[in-house]
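**Q** The lines below spell out each chain.
2 protein chains.
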Amino acid sequence: MPFIQDGPDASLTAAAVRQLCRDNELPTPSTAGWAPDCAQANIVILPAKYADDFRTFCLRNPVPCPLLGETKPGDPTVPSFLAKSSDIRTDCGRYNIYKDGQWVDNKTDVMEEWKDDSVAFFIGCSYSFESALVANDLPLRHQEIHKMTPCYKTSVQLMQAGIFSGRMVVSMRPYPADRVSDIQAITRSFSKAHGEPVGYGPEGAAKLGIQDVDGQKPDWGDATVMKEGEVAVYWGCGVSPQQAVLDSKIPGTVMCHQPGMMLVLDLKAKDVCE
Amino acid sequence: MPFIQDGPDASLTAAAVRQLCRDNELPTPSTAGWAPDCAQANIVILPAKYADDFRTFCLRNPVPCPLLGETKPGDPTVPSFLAKSSDIRTDCGRYNIYKDGQWVDNKTDVMEEWKDDSVAFFIGCSYSFESALVANDLPLRHQEIHKMTPCYKTSVQLMQAGIFSGRMVVSMRPYPADRVSDIQAITRSFSKAHGEPVGYGPEGAAKLGIQDVDGQKPDWGDATVMKEGEVAVYWGCGVSPQQAVLDSKIPGTVMCHQPGMMLVLDLKAKDVCE
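First to last, the protein sequences are chains V and B.
The first sequence begins at 1 in our numbering and counts up by one.
The second sequence begins at 1001 in our numbering and counts up by one.
Just so you know, these hints were derived from the structure itself, not from any lab.
Wrong hints could be hidden among the right ones.
As the list claims (entries may be wrong) - Lysine-lysine pairs mimicking DSS-like chemistry, simulated, CA-CA at most 25 angstroms apart:
1. B:Lys1147 to B:Lys1249
2. V:Lys115 to V:Lys72
3. V:Lys217 to V:Lys227
4. B:Lys1207 to V:Lys249
5. V:Lys207 to B:Lys1249
6. B:Lys1207 to V:Lys207
7. B:Lys1084 to B:Lys1107
Source: prediction; values computed, not measured.
The shape of chain V in the complex, shown without the other chains:
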């Protein structure tokens, strides 16, 4: 490991961060805050026979699943407009492995699992708009406490596509209630990174079917700290496909990034905006 520190080293390029992930030497529990001017991606890798269904699932659910690109079947090379010289089998820090709709393993690469007919999909990530929040005096609690964002399995049914259906997962960040309109305005343009929040505060939590309004018992990710006057702000989350793999009991092997350990792209954060 070239250095150890409390938080991300913002001076490293995306390619350098990918190298750390490839070498399993990223010194933080998530890729949040690394290469902060770059976009990051959620990953779903599945057999080619399910690729049409999954692509349609993304297109029908662009808020949790904004599709950035996909590989050719069997070719693990990340499309160059997303990241140069990158192999999707190694360049996420960690991977979740699902078999027949159940989680079975967490690994540092998927060299063994990758098949001749595997297709990798790249889905936008909310880390892509975090620099814009910070630049507007909206600091990130999960980075302050060196944790992953809390994420929740909501009651919102996503739009079915072929064999894929499931409930939306959202990420949560606590913010002062009087900054919500700023937050909506700032993140709205990030249309390929979940865009504006899908809800906030107790009313939003109720609509989304979230009980844990103070961020203590998330379904995915880590608990957070909420301060006086803050509300929970919820965004669509690219962990939703992993929930769909579970909810839909997708047969065979599906490989995904470990939530929080994204693929860091060369694509700039501004390029996932409209």
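On the provided structure of chain V, position chain B as indicated by the hints.
**A** For chain B alone, kept in the frame of chain V given last:
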């Protein structure tokens, strides 16, 4: 009225059907089955200051709200790629008028309500894929009984965009359970006309929060007849924005088509497919 008959006259062009609507002489309770090779559109007309929010609402919810186009502010001319020589103030058979988030009137035109800053949005409609169903030996119950499709307000929360949020509305058509996979395959490609079903049968109804599984007490449209061995098949529906106007209590005047009385387009049904 040039003729009276039980069902649509499939020999008329879309322009001729629009003329019937303009003259308030369409002899059926809905535009279903008219100009069957053409697409049809749901209509939402609102003040320009809400246009960005509403456009984003459509883009974030492409299954119920597939956006086909919009007018320039204050110009009631339908974009020519959708329909030629068409005035959106008159060319739907009937209109629902909402004020401050409440339904207030049903009119044959919106000449009085249209303002200098009005913007009309055109949203794809499931009538656009009905010919394809019929061509595959999947007849339409609502046309057989000369009614509108039953439509339901579901429990599914759509993705918020600015001032717009609300629950998805779905249309329902009864079909034999063993034809569902055919129906999914046929309608899947109609990506700008709601695409494949969002659910079917008792399990689908449960996921969507629909109690009335036998089509007797719809929230919008008409009751239907279900036969032995049939299941309810549900598609996203362009009435969803009217539900959002109610659910979000949109201020000011919003004009929409009356459900079932769509704008019949020159655009072909095949052109709302991917």
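**Q** Take the hints in turn and mark each one as holding or not.
**A** Status of each hint after checking the structure:
1. At most 25 angstroms may separate the alpha-carbon atoms for a hinted pair to count; Lys1147 (chain B) and Lys1249 (chain B) exceed this at roughly 29 angstroms.
2. For the hint linking Lys115 (chain V) to Lys72 (chain V), the alpha-carbon distance of about 12 angstroms falls within 25 angstroms, and the restraint holds.
3. Between the alpha carbons of Lys217 (chain V) and Lys227 (chain V) the distance comes to roughly 16 angstroms, so the proposed pair stays at or under 25 angstroms and holds.
4. Distance restraint check for Lys1207 (chain B) and Lys249 (chain V): the Cα-Cα separation of roughly 16 angstroms lies within the 25 angstroms cut-off, and the hinted pair is therefore satisfied.
5. A hinted pair counts as satisfied when its Cα atoms are at most 25 angstroms apart, and Lys207 (chain V) with Lys1249 (chain B) qualifies at roughly 16 angstroms.
6. Under the criterion of a C-alpha separation no larger than 25 angstroms, the hint pairing Lys1207 (chain B) with Lys207 (chain V) is consistent with the structure, at around 15 angstroms.
7. With a CA separation close to 23 angstroms, the supplied pair Lys1084 (chain B) and Lys1107 (chain B) stays within the 25 angstroms bound.
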